[in-house]
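Student: Respectively, the protein sequence lines represent chains A and B.
Residue numbers are given in this note's numbering: position 7 of the first sequence equals residue -12, and the series is strictly consecutive.
Residue numbers are given in this note's numbering: position 285 of the second sequence equals residue 290, and the series is strictly consecutive.
Hints are computed from structural coordinates only; laboratory data are not their basis.
The model shown is predicted, which means the values in this text are computed figures rather than measured ones.
Accuracy of the hints is not assured; some may be wrong.
[Said to hold, decoys possible] BS3-like, lysine-lysine: derived pairs with alpha carbons at most 25 Å apart:
| # | chain 1 | residue 1 | chain 2 | residue 2 |
| --- | --- | --- | --- | --- |
| 1 | A | K109 | B | K174 |
| 2 | A | K81 | B | K268 |
| 3 | A | K109 | B | K83 |
| 4 | A | K104 | A | K81 |
| 5 | B | K268 | A | K45 |
| 6 | B | K268 | B | K83 |
| 7 | B | K12 | B | K31 |
| 8 | B | K31 | A | K24 |
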Amino acid sequence: MKLKYSLVTRRTFLNTLFGGWLAAFFSGTFYALMRFAFPTLGKEPDFVVLNKKDFMDLASNSIKRFPWGGTVGLYYTKADGSVLALKGVCSHMECNVDYKPAEKRFYCACHQGWFDENGTNIKGPPPKPLEIFVITEEDEKLIIAKKGVKVELPKA
Amino acid sequence: MNCPRLKDWLEERYDLKGIKRLAKGKLIPEHRWDFWYYTGGITLFLFIIQFVTGMLLAMYYVPHIDFAHKSIIEIVTKLNMGWFFRSLHHWGSQLAIVFLFIHLFGTLLTKAYRKPRELVWVTGFILLGLSIFFGLSGYLLLWDERAFAAVRVATGGAGAFPFIGWFIKAFLRGSMDVTGDTLLRFYAFHVAILPLITLGLVGLHLVLVQVHGMSVPLALEKEKRREIPFFPNVFYKDLAVWLVVLGVLATLATFFPPEIGVKADPLAPPPEDVKPEWYFLFLLQTLKLFPGSIMGLNGETIAILLVSGGILFFFLIPFFDRKSSRGEKSPLFTWIGVIYLLYFLTMTAVGYLS
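Whole structure, please, built from the sequences with the hints as guidance.
Tutor: Here is the structure:
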């Protein structure tokens, strides 16, 4: 069957062609821009390795900070001498927490959040406890790892 | 200054008389609420000051995590007049935000947003959002303890948005945490991206105001009122008001130079009583009202959603207020405006005093 007229006019054909070309051009441009604007994000570390001797003689009821990726971890010796490692970042709005030895509590100055000596949220807006890390000792090294993470040290 | 030959030269090429006629034809209504008209002009003036002082500061500021804090101290202590321009830039931003809010609530309460001026409201509202982002990004450039904590909270708060939160957060931070990448990114926003968008939007906002002419409050619309020419009457009044604002600004800048805190340290906790800029306090106070979790859901997410809903409603008021768009009185939206204003004022005051 031969149609007397074309279903697609020259105008429609050209508009579709140019429109499609423009759409392809702009989506490609947008994709490239977005790819560039978003960096390859670093991951939060699974574990960090510290020097044991820097942390061994920490006085009881005090903390020592160590870098945890872009944020901070706390090595904490309780008043009774037991140790704990936790992430020093408030579970509410990500401010760094401070330790108050007098009250034996962790405190976030941004929105007045409080955590007890086990990192449990007890007062203020924080919705969750502080993250607790697992501490393992290996020779001169102190390995602080996220819970449930298998630590594989690179062979020296 | 009278250069007849230059005038002739231009007249032969451009329709100067036509432009003159157009300028002469611009009339401003005169009534008892016409002082609101000046708030927009003052904001424009403050924006101009921000652009000029910002250009000056950009010549000496070093956007690098190791040098940013030090470069500001050097601008303030070593450069000729450096303290003055940094102080002007700081106080200019504070006053600009104050007058943006005054202009916003004036527009809201006189219902100047009503048909046909919805787009004037929309462009103005976006400009307010951009200005607040200007403030936040500019503040991080100091790279002191307070700025660091404020930006962590603000970008982290955006991360509490369901579904797209991580996306916004990563885009703003340029990294998992607030780092040197964030500083550079905020610098790019502050000196390149935001100024260009702002310039375009301010232009559009002003063109739209010229197209529509000045809005007259509903209650006075039916009355007979005088109209006075913009050139020269209102123009001179504008200039006089700007001069007063400049005086206030220079006085504040001279007698209350802004401080700069201790250099930010990602390992250190923020200082006691850390508070963000005053225009974030109402948000902060609202967030404090919500407990950590509500019926098993994350309280933070709910708070952020409610706040965003409130702001979105505010933004869309011209489209919800059908009565005033028909030229009828609309007391409901007057009350909504008053409630928004009171909420903003009380929460800011509570945040400031607590």
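Student: Could you run down the list of hints and mark each one as holding or not?
Tutor: So, going through the hints one by one against the coordinates:
1. A hinted pair counts as satisfied when its Cα atoms are at most 25 Å apart, and K109/A with K174/B qualifies at roughly 20 Å.
2. A threshold of 25 Å between alpha carbons decides the hint, and for K81/A with K268/B the separation of about 22 Å falls inside it, so the pair holds.
3. For the hint pairing K109/A with K83/B, the CA-to-CA distance comes to about 47 Å; that exceeds 25 Å, so the pair is violated.
4. As the CA atoms of K104/A and K81/A are separated by approximately 14 Å, the hinted pair is consistent with the 25 Å bound.
5. The suggested pairing of K268/B with K45/A holds, with an alpha-carbon distance near 20 Å, which does not exceed 25 Å.
6. The hinted pair formed by K268/B and K83/B meets the criterion: a straight-line CA distance of about 18 Å does not exceed 25 Å.
7. Pair hint K12/B plus K31/B holds up; C-alpha atoms about 23 Å apart against a cutoff of 25 Å.
8. Taken as a hint, the K31/B and K24/A pair is broken in the structure, with Cα atoms around 59 Å apart against an allowance of 25 Å.
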